[in-house]
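J.: These are the residues of each chain, in order.
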Amino acid sequence: DQQVKQNSPSLSVQEGRISILNCDYTNSMFDYFLWYKKYPAEGPTFLISISSIKDKNEDGRFTVFLNKSAKHLSLHIVPSQPGDSAVYFCAASAVVTSGSRLTFGEGTQLTVNP
Amino acid sequence: GAGVSQSPSNKVTEKGKDVELRCDPISGHTALYWYRQSLGQGLEFLIYFQGNSAPDKSGLPSDRFSAERTGGSVSTLTIQRTQQEDSAVYLCASSYPWAETQYFGPGTRLLVL
Numbered sequence: 007d008q009q010v011k012q013n014s015p016s017l018s019v020q021e022g023r024i025s026i027l028n029c030d031y032t033n034s035m036f037d038y039f040l041w042y043k044k045y046p047a048e049g050p051t052f053l054i055s056i057s058s059i060k061d062k063n064e065d066g067r068f069t070v071f072l073n074k075s076a077k078h079l080s081l082h083i084v085p086s087q088p089g090d091s092a093v094y095f096c097a098a099s100a101v102v103t104s105g106s107r108l109t110f111g112e113g114t115q116l117t118v119n120p
Numbered sequence: 020g021a022g023v024s025q026s027p028s029n030k031v032t033e034k035g036k037d038v039e040l041r042c043d044p045i046s047g048h049t050a051l052y053w054y055r056q057s058l059g060q061g062l063e064f065l066i067y068f069q070g071n072s073a074p075d076k077s078g079l080p081s082d083r084f085s086a087e088r089t090g091g092s093v094s095t096l097t098i099q100r101t102q103q104e105d106s107a108v109y110l111c112a113s114s115y116p117w118a119e120t121q122y123f124g125p126g127t128r129l130l131v132l
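One line per chain: the protein sequences are A and B, in this order. Just so we're aligned, residue 7 is where the first sequence starts under our numbering, counting upward by one. Just so we're aligned, residue 20 is where the second sequence starts under our numbering, counting upward by one.
Some hints here could point you the wrong way.
[As the list claims (entries may be wrong)] With a straight-line cut-off of 30 Å between C-alpha atoms, the simulated DSSO-like cross-links for lysine-lysine are:
1) A:77 x B:76
2) B:36 x A:43
3) B:76 x A:44
4) B:30 x A:43
The hints are simulated quantities; they were obtained by calculation from the structure and are not laboratory data.
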């Protein structure tokens, strides 16, 4: 039962363009969502998060959008840079019912070409 | 140290042996989590500590897996009688109490031959 899904295993964009990474979830109890970036042989690094009471959160080049009715969130990176090339994981938690344990998607490999 | 640390960074063991993986959380973080990532998979929750107690052990895959935490700080994940399917990257994360954002260590890469 995959409660968090990232349907695109890979994405390739040109430097300077927008990268859009997508994530869908099925558990309506999820109330907090996070994006992590992971380089090879390193642990995931926290990027940005959003609470279910919001529909947008912005931090520099990174913006996360949440559409609760569609159970969909997306991460926008503008402008994309070669150093952004990494695996991006979407994660969700349902604090009220499951505590703070995170449920992760399978990840999307982003490649930003110079 | 500033971040979560884990040791060893790599571990190769023979099937049937026991292994111990260690996690040092960020100072002041009372919540500690263990996850694992098998080849080609996403991260899978194993166990959660709040202080020294583990209110959620539901992700441990079998009774060969156990974890403890002492002094509200260091945690050890033990895998007894390792099997080849235990091969994975084992990741530890920590956070402030009841905080949603977890910070991850670099992981321990376990290979069971």
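J.: Does each hint hold? Answer for all of them.
T.: Checked hints:
{"no.": "1", "hint": "A:77 x B:76", "verdict": "holds (27 Å)"}
{"no.": "2", "hint": "B:36 x A:43", "verdict": "violated (33 Å)"}
{"no.": "3", "hint": "B:76 x A:44", "verdict": "holds (25 Å)"}
{"no.": "4", "hint": "B:30 x A:43", "verdict": "holds (24 Å)"}
In summary, the one numbered hint that this structure violates is 2.
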